[in-house]
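Novice: One-letter residues, chain by chain:
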Amino acid sequence: AQKITQTQPGMFVQEKEAVTLDCTYDTSDQSYGLFWYKQPSSGEMIFLIYQGSYDEQNATEGRYSLNFQKARKSANLVISASQLGDSAMYFCAMRELNYGGSQGNLIFGKGTKLSVKP
Amino acid sequence: DTGVSQDPRHKITKRGQNVTFRCDPISEHNRLYWYRQTLGQGPEFLTYFQNEAQLEKSRLLSDRFSAERPKGSFSTLEIQRTEQGDSAMYLCASSHTGAGADGYEQYFGPGTRLTVT
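Protein chains in written order, with this note's numbering: chain A, 91 to 208; chain B, -1 to 115.
One thing to keep in mind: the hints can contain errors.
Stated by the list, open to error - Partial pick of chain A residues on the chain B-facing surface, computed with a CB cut under 7 Å:
(1) Gly133
(2) Glu134
(3) Lys160
(4) Asn195
Don't read these hints as lab results, they were simulated from the structure. All values reported here derive from a predicted model rather than from experimental measurement. Just so it is clear, CB atoms sit at the ideal spot from N, CA and C, and this is done for glycine as well.
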């Protein structure tokens, strides 16, 4: 069965510094996608970044980058130059990439609460 | 693109009552998902639709839960005979099929927070 593990319940980072949020996953599928979402205290889930299992380059989106190590089954999120507005819950998620089948849902980890200190 | 909307945003109900939530996906998206999120946890999948067809249901979706998506547009999630354990945030998401990140990314609504007293 697919599983996402986020081992850091909470993280602190100083404003303007970089932070890495850990995510490991377990799947027997060869084709899958990995996602990171941000959930501020207001509750909405905001998509940050996506990495496909066959992508050779690590994904980047602005200050976000995904450190994808396929052999280790890890997909860590790196946030550079942290800002106060980055304080939120961060969820790692995985989805099978099954073009013809019915699997479509995301499997989420338990999340990491990031607090950015001024 | 007005985003995914959900109604109501908050619902307080007494145990045993029925409740219904509505989700309006992004208009061109053919896939619609329902998730449930309890405090301190990540969202858990409940069910999903492709157009009007309900393609998958989680074992979390007991017989008291039913979801519909008539005409493949908006969707409703009904919980009958609510229990205190149903208290959670109910999230709706939509996406379209296709290749690349755009085809896989799910856009979430603001959620409906249900409190069962």
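Novice: All the hints need checking, so say for each whether the structure fits it.
Specialist: Results for each hint:
no. : hint   : in the structure
1   : Gly133 : holds, 5 Å
2   : Glu134 : holds, 5 Å
3   : Lys160 : violated, 17 Å
4   : Asn195 : holds, 4 Å
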